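Q: Given next are the chains, with one letter for each unit.
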Amino acid sequence: MGAVEKQRTEVASPAAWEYAPAPEAREIVSFADRYGLFIGGKEVAPRSRSWFTTVSPSSEEPLAEVAQAGPRDVARAVDAARDAFRGWSRRRPAERAKVMFRIARILQERSRELAVAESLDGGKPIKESRDVDIPLAAAHFFYYAGWADKLEYAFPGRRPRPLGVAAQIVPWNFPLLMLAWKIAPALASGNTVVLKPAETTPLTALLFADVCRQAEVPPGVVNIVTGDGSTGAHLVRAKGIDKVAFTGSTEVGKAIQRELAGRDVSLTLELGGKAANVVFEDCALDQAVEGIVNGIYFNQGHVCCAGSRLLVQESIADQVVRKLKRRMATLRVGDPLDKNTDIGAINSSGQLEKIAELVQSGIDEGAELYQPPCRLPEKGWWFAPTVFTNVAQSHRIAREEIFGPVLSVLTFRTPDEAVEKANNTMYGLSAGVWTEKGSRILWMAERMRAGVVWGNTFNRFDPASPFGGYKESGFGREGGRHGLEPYLRFE
Amino acid sequence: MSDRLPVRKTYKLFLGGAFPRSESGRTLEVEGHNVARASRKDVRDAVVAARKAVAGWSGATAYNRGQVLYRLAETMETRTSALAAACGSRREVTRSIDRVVWYAGWADKLAQVLGSSNPVAGPYFNFTIPEPTGVVAIVAPDEPALDGLVSRLVPALVGGNAVVAVASETHPLAAIELAEAVATSDVPAGAVNVLTGLRSELAPVLAGHMDVNAIDVTGADGDAAALEELAAENVKRVVRAQEDRSPWEIAAFMELKTVWHPIGR
Numbered sequence: 007m008g009a010v011e012k013q014r015t016e017v018a019s020p021a022a023w024e025y026a027p028a029p030e031a032r033e034i035v036s037f038a039d040r041y042g043l044f045i046g047g048k049e050v051a052p053r054s055r056s057w058f059t060t061v062s063p064s065s066e067e068p069l070a071e072v073a074q075a076g077p078r079d080v081a082r083a084v085d086a087a088r089d090a091f092r093g094w095s096r097r098r099p100a101e102r103a104k105v106m107f108r109i110a111r112i113l114q115e116r117s118r119e120l121a122v123a124e125s126l127d128g129g130k131p132i133k134e135s136r137d138v139d140i141p142l143a144a145a146h147f148f149y150y151a152g153w154a155d156k157l158e159y160a161f162p163g164r165r166p167r168p169l170g171v172a173a174q175i176v177p178w179n180f181p182l183l184m185l186a187w188k189i190a191p192a193l194a195s196g197n198t199v200v201l202k203p204a205e206t207t208p209l210t211a212l213l214f215a216d217v218c219r220q221a222e223v224p225p226g227v228v229n230i231v232t233g234d235g236s237t238g239a240h241l242v243r244a245k246g247i248d249k250v251a252f253t254g255s256t257e258v259g260k261a262i263q264r265e266l267a268g269r270d271v272s273l274t275l276e277l278g279g280k281a282a283n284v285v286f287e288d289c290a291l292d293q294a295v296e297g298i299v300n301g302i303y304f305n306q307g308h309v310c311c312a313g314s315r316l317l318v319q320e321s322i323a324d325q326v327v328r329k330l331k332r333r334m335a336t337l338r339v340g341d342p343l344d345k346n347t348d349i350g351a352i353n354s355s356g357q358l359e360k361i362a363e364l365v366q367s368g369i370d371e372g373a374e375l376y377q378p379p380c381r382l383p384e385k386g387w388w389f390a391p392t393v394f395t396n397v398a399q400s401h402r403i404a405r406e407e408i409f410g411p412v413l414s415v416l417t418f419r420t421p422d423e424a425v426e427k428a429n430n431t432m433y434g435l436s437a438g439v440w441t442e443k444g445s446r447i448l449w450m451a452e453r454m455r456a457g458v459v460w461g462n463t464f465n466r467f468d469p470a471s472p473f474g475g476y477k478e479s480g481f482g483r484e485g486g487r488h489g490l491e492p493y494l495r496f497e
Numbered sequence: 073m074s075d076r077l078p079v080r081k082t083y084k085l086f087l088g089g090a091f092p093r094s095e096s097g098r099t100l101e102v103e104g105h106n107v108a109r110a111s112r113k114d115v116r117d118a119v120v121a122a123r124k125a126v127a128g129w130s131g132a133t134a135y136n137r138g139q140v141l142y143r144l145a146e147t148m149e150t151r152t153s154a155l156a157a158a159c160g161s162r163r164e165v166t167r168s169i170d171r172v173v174w175y176a177g178w179a180d181k182l183a184q185v186l187g188s189s190n191p192v193a194g195p196y197f198n199f200t201i202p203e204p205t206g207v208v209a210i211v212a213p214d215e216p217a218l219d220g221l222v223s224r225l226v227p228a229l230v231g232g233n234a235v236v237a238v239a240s241e242t243h244p245l246a247a248i249e250l251a252e253a254v255a256t257s258d259v260p261a262g263a264v265n266v267l268t269g270l271r272s273e274l275a276p277v278l279a280g281h282m283d284v285n286a287i288d289v290t291g292a293d294g295d296a297a298a299l300e301e302l303a304a305e306n307v308k309r310v311v312r313a314q315e316d317r318s319p320w321e322i323a324a325f326m327e328l329k330t331v332w333h334p335i336g337r
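Line by line, the protein sequences give chains A and B.
Residue numbering for the first sequence follows this note's numbering, starting at 7 and increasing by one per position.
Residue numbering for the second sequence follows this note's numbering, starting at 73 and increasing by one per position.
Going by beta-carbon spacing under 8 Å, a handful of chain B positions derived as facing chain A:
id, residue
1, V185
2, P191
3, T200
4, A296
5, W320
6, E327
7, V331
Pairs of lysine-lysine, DSBU-like flavour, derived with a Cα cap of 30 Å:
id, chain 1, residue 1, chain 2, residue 2
8, A, K329, A, K133
9, B, K124, A, K260
10, B, K113, A, K427
11, A, K260, B, K113
12, B, K84, B, K113
13, A, K156, B, K181
14, B, K81, B, K113
15, A, K443, B, K181
16, A, K385, A, K331
17, A, K345, A, K385
18, A, K427, B, K124
19, A, K260, A, K245
20, A, K331, A, K133
21, A, K260, A, K427
From the derived model, a few chain A residues whose C-beta atoms are all more than 12 Å from chain B:
id, residue
22, F37
23, D155
24, D216
Bear in mind the hints are in silico, worked out from the structure with no lab data behind them.
Model, not experiment: these values are computed from the prediction.
Using N, Cα and C, we set each Cβ at its ideal position, and we do this for glycine too.
Modelling step: build the complete structure from the supplied sequences, incorporating the hints.
A: See the structure below:
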């Protein structure tokens, strides 16, 4: 880290403005001291008798104790989901839809509470949890609620049927939003679910259990088992599941695919990424710089589809990097609950170590590091927004997913070279193109091997828009009509 | 007349548009012929040939791909006798030919049925289109010798993928007859590659190959689980036949790409 701390000169900060603190009140959330598992519509103590503490990454303050589900707990949750499947799948679809519409409404009604909880437990800036995570989670339920009684129109010539029990494992970067991406299409299709939230961010999922109570979701239709990676492994191995949906690292995704080999369990994987964000010389420059910043520093770069490789046309590279550095100097790093915060806390100490290790490799391999001057809080886990120039395609920082606020800048001369470099990765989740030429956006979009391509924007999501990867970024789509298919079988 | 010896055919591999022997020089006696016994090296060469063919075949217009596949039905039709002799059933041949015609017609309708435009909350034209996954490995079932392969090969091909197929181990002749029809059909060289030999030798190499994007294990019988495990190494799409013929059989070999195109004055 020593070398990282240095090299902070070069571009003076244009942001001499001081902001008064503007913290969101946290009283709106009250966490219980301890949360059991949510199984069969009730909170139950874990048979494992084991608990762990979830802490706020911005203050290291303990927030609550959470159950560590063991194999017997997982089996119990799967049984509850199995028992509930008959009733839920045979319920009149229009009634199933109404349960889901209720969930959407309650998420909207409790949005402020959920946003504060999300920022407390995960470390993301309140402006993001408030304006992105929670509204999109509600929108997702609203969108899929409408599908519940229209499934026969979704796939021409096919008769859709639910699969059964869906085992769902979600990551810590968008805890409630990923829960919504998983649960909404599963319920709309008539499945019941056992969801495992990430170890470091279980609280909004546990609040969601209370949303289910308010919405009168029938017992066992939604079950939530908390725990670490071992709980997820138990869930994947559990008898009685019909489907696994996983969002997380490519490494774990491969292990799950191996584990399920030869089993009659359908699988969708949404894994890592190393997205190229391609900036052409004819782009609207300031708009592109905003897009670059949003592409990599949104949610501290804890985004599988983050634009972590900036491919900029050589003719404007110096100008773009200069503007980017100026913009970076205005980013405010700090208290996630402060409404002016742009970059919150790194989700865990483990993730911070991983970021620091990869950044050090960038320095060691000869890339040039820049970080704007910024004071990081004493407590908690933080990493300053970082950009590397002079990056070669062979560098680890150009190949491996960092999952932190670290951007690698590479250059290209021709559109063909941009395509070649953009596709030079084992991943294929997302990509961006910046140009004022519409035909070029579509030309690039045609050639980039990625599941989502953003033209003159980045990191934009919508429940109607299918999302998912090519290559080692996984398979299956979430969102849109296509997002129903992984939860259905066809007769 | 009765003195004349018939000219026998040498059954070789179909690789990159040519008909080479196995680089290993090995053959197997099957169905009364010495059939090439492909090696791991042949598998890797076939994957290279397929990868080279992806850009051209997937980049062809959908209308063009449809016509090329229709032409495959034509070249199969003229070889009906040879195909029937190889697979033992004229009805199987006509069923296969009709299947090719059916799938040929899907080429320029796929995007309309499998794709969508998506009403997002923002100033973007957002649409989703199917694209070929790339190189597809197909482990053909032992039987039916011809239609078993055709019913897996053609749905993969029509979407723009390039294919490396492992032919039926017990009845490989029909696959090579089919390859001859492919070779004269305007399907570009390398878009279809057919290997004969021992499935247990060839299929695992394909399943573990890092430049293969998907594997169809319909014909793998008891080996499917082991292949699936190998396939995880690069997150391959593992495909199994679901329906006799359906656009969704094509969809299983496709990726879905969603594009956000800006709208503005």
